[in-house]
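Q: The chain contents come next:
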Amino acid sequence: MAFSINEHCVNCWACLPLCPSAAISANLDGRARFAIDLRKCTECDGAHAEPQCAAICPIEGAILDAAGAALNPPGSLTGIPPHRLAEAMAEIQAR
Amino acid sequence: MELKVLDQGPSAAKAPSVKEPSAGGGCGQSACGSSADAMAHLPPHIRDKVRNHPCYSEQAHHYYARMHVAVAPACNIQCHYCNRKYDCANESRPGVVSELLTPDQAVRKVLAVAATIPQMSVLGIAGPGDPLANPERTFETFRQLTEKAPDIKLCVSTNGLALPEQVDALCRHNIDHVTITINCVDPDIGAQIHPWVFWKNRRVRGVKGAKILIEQQQKGLEMLVARGVLVKVNSVMIPGVNDAHLAEVSKVVKAKGAFLHNVMPLIAEAEHGTFYGVMGQRGPRAEELAALQDACAGDMNMMRHCRQCRADAVGLLGQDRGAEFTLDRIAEMDIDPEAAMATRARVHAQIEAHRQDKAAEAAAAHPLDDLPAGLRPVLMAVATKGQGVVNQHFGHAREFLVYEASPRGVRFMGHRKADPYCGGDDTCGDGESALDITLRALAGCEAVLCAKVGIAPWERLEAAGIMPNGEHAMEPIEDAVAQVYREMHAAGALDNNPDWMTA
Ligand code: SF4
Ligand code: SF4
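Here the protein sequences come in this chain order: G and W. Residue 22 in this note's numbering sits at position 22 of the first sequence; the count goes up by one each step and never skips. Convert by adding 95 to the 1-based position in the second sequence; the result is the number in this note's numbering.
In short, the hints are calculated from the structure, not lab data. Bear in mind that the values here come from a model prediction, so they are computed numbers and not experimental data. A few of these clues could be false.
Stated by the list, open to error - Keeping only pairs whose Cα atoms sit at most 30 angstroms apart, straight-line, the calculated DSS-like set for lysine-lysine is: (1) Lys-453/W / Lys-547/W; (2) Lys-306/W / Lys-346/W; (3) Lys-40/G / Lys-180/W; (4) Lys-40/G / Lys-295/W; (5) Lys-306/W / Lys-295/W; (6) Lys-351/W / Lys-248/W.
Please work from the sequences and hints to get the whole structure.
A: Structural data, given as structure tokens:
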């Protein structure tokens, strides 16, 4: 039972102080982003109604559940429908 | 007719992505000086506090520098004009930052900058997240600076969500200026700007989240005012979302004691990756912004020289010398904080002396007290691009400064907005009606001083009882106004009341 942080993390520090299990650290394994120690993460069970890292993380897709699914899927935080974002990015790249 | 090219004023030379709320920049007023300072109406104790604060005093921003340090990465809300992924050195928007600093690094940077740029007077923490969502980092930076550079003023800029719980800490660290970004006082509007807030260990979305944010902002504002901390309110103007609502915001925050309200334009481009950028939300046009600023102004001070700095900006407003102070470069600098503080004290004293000279010069340069004391006062409009001189073409003036001349002297009364009736576009064919607007804006003035004026407007002005005068081009405004007043007296024009006074 543990969450993980992937390469989309922007190192904003928001999750780190909230973790009730002190499972989050910066630069774990020398990687230039935040990481969750899967031996320590409790998914906030018994401590908070919402897993804290996922509840504050501003980046969609950066935090994954034990099955590898994004806790904040595309569009869920910014409100930008994924197809609109894809269109805009394609349009910018075509310039 | 010489009304060809629309003069963009000093702002045309600014860095491309730095937007200014008002076309023409902050320097439209007489010498940006003495009588014309927008701070004039403030109570003396507040004026003292903001005297050398470049972000608050229109006058000070010509002399003093400020810097922001990026020590606060975390945020506790989402705004639709912000993209937390964005981080680019070429981008010059609020909230954008390239290099995150630890408090120790930030303090080193501040000391380095303050030693190199002795005009430094203010250090702000504004992000890239929210300073109060990172209280340890923010307050550790302030604590060290109060110790090592006590002459530097400290300020924070916050979204307000965590403000009530941090008011005590702010007061303890001697922060006397706080900026709160308040885009609305209505949760339904708030939900269209702030999709969620992180509150009491939950992500709260939509109207519920916006309601919490608004409550905390208002509570924080009241608490700060109660403790005598200066509060400025920033609002982002988002056409179709909160533009019609911001006059109400202005009224509310003013009633609660905010000393300044700064309406800034939304900056939204698809490449910023923000909700508004991607969804095609437009920013306000300059005239929409100016009209809203006027509507919000009332008797409250509006800030028109804000440059919407990056969260790690360094230097005078409109200038960013951040690249000179990267961590690598700072590491090579040899800094003596005490010597630097002494230098700052010297430089600031020189600046103040210079400002006082200017004020004294302005007061002494045009005595009118040899005229009969009973002469009636006269209002005159002046077209100027800045530097305190009459230097703008009548047809290019977007605003006029209005001065009152009387035997007691010349004093600045305020600005009048007027859309330029010639935008350099020969096809508009609409010159007359726009000139009408200008004439209305100048109602009550008996003369208009400008660098030049075309023949057609000359005739219309004369017919309206406003004497056009292009004879004082490049002269200091107060001198020119005094001179014209003398001439009017000599010509017997002051013996009668003008039509508009007797009508
Ligand atoms: S889910 Fe909870 S316990 Fe696990 S890393 Fe996130 S905050 Fe820590
Ligand atoms: S909140 Fe998200 S983006 Fe920020 S450090 Fe944690 S995982 Fe990374």
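Q: Does Lys-295/W lie within 30 angstroms of Lys-306/W when you go C-alpha to C-alpha?
A: holds (14 angstroms)
Q: Under the criterion that the straight-line Cα-Cα distance not exceed 30 angstroms, is the pair Lys-306/W, Lys-346/W satisfied?
A: holds (19 angstroms)
Q: Would you check the hint for Lys-453/W and Lys-547/W, treating anything up to 30 angstroms between C-alpha atoms as holding?
A: holds (27 angstroms)
Q: Check the hint pairing Lys-40/G with Lys-295/W against an upper bound of 30 angstroms on the C-alpha distance.
A: holds (23 angstroms)
Q: Checking one constraint from the list: CA of Lys-351/W to CA of Lys-248/W, max 30 angstroms. Satisfied?
A: holds (24 angstroms)
Q: Between Lys-40/G and Lys-180/W, does the CA-CA distance stay at or below 30 angstroms?
A: Given that 30 angstroms is the threshold and the Cα spacing comes to 28 angstroms, the pair holds.
Violated hints: none; the structure is consistent with every hint.
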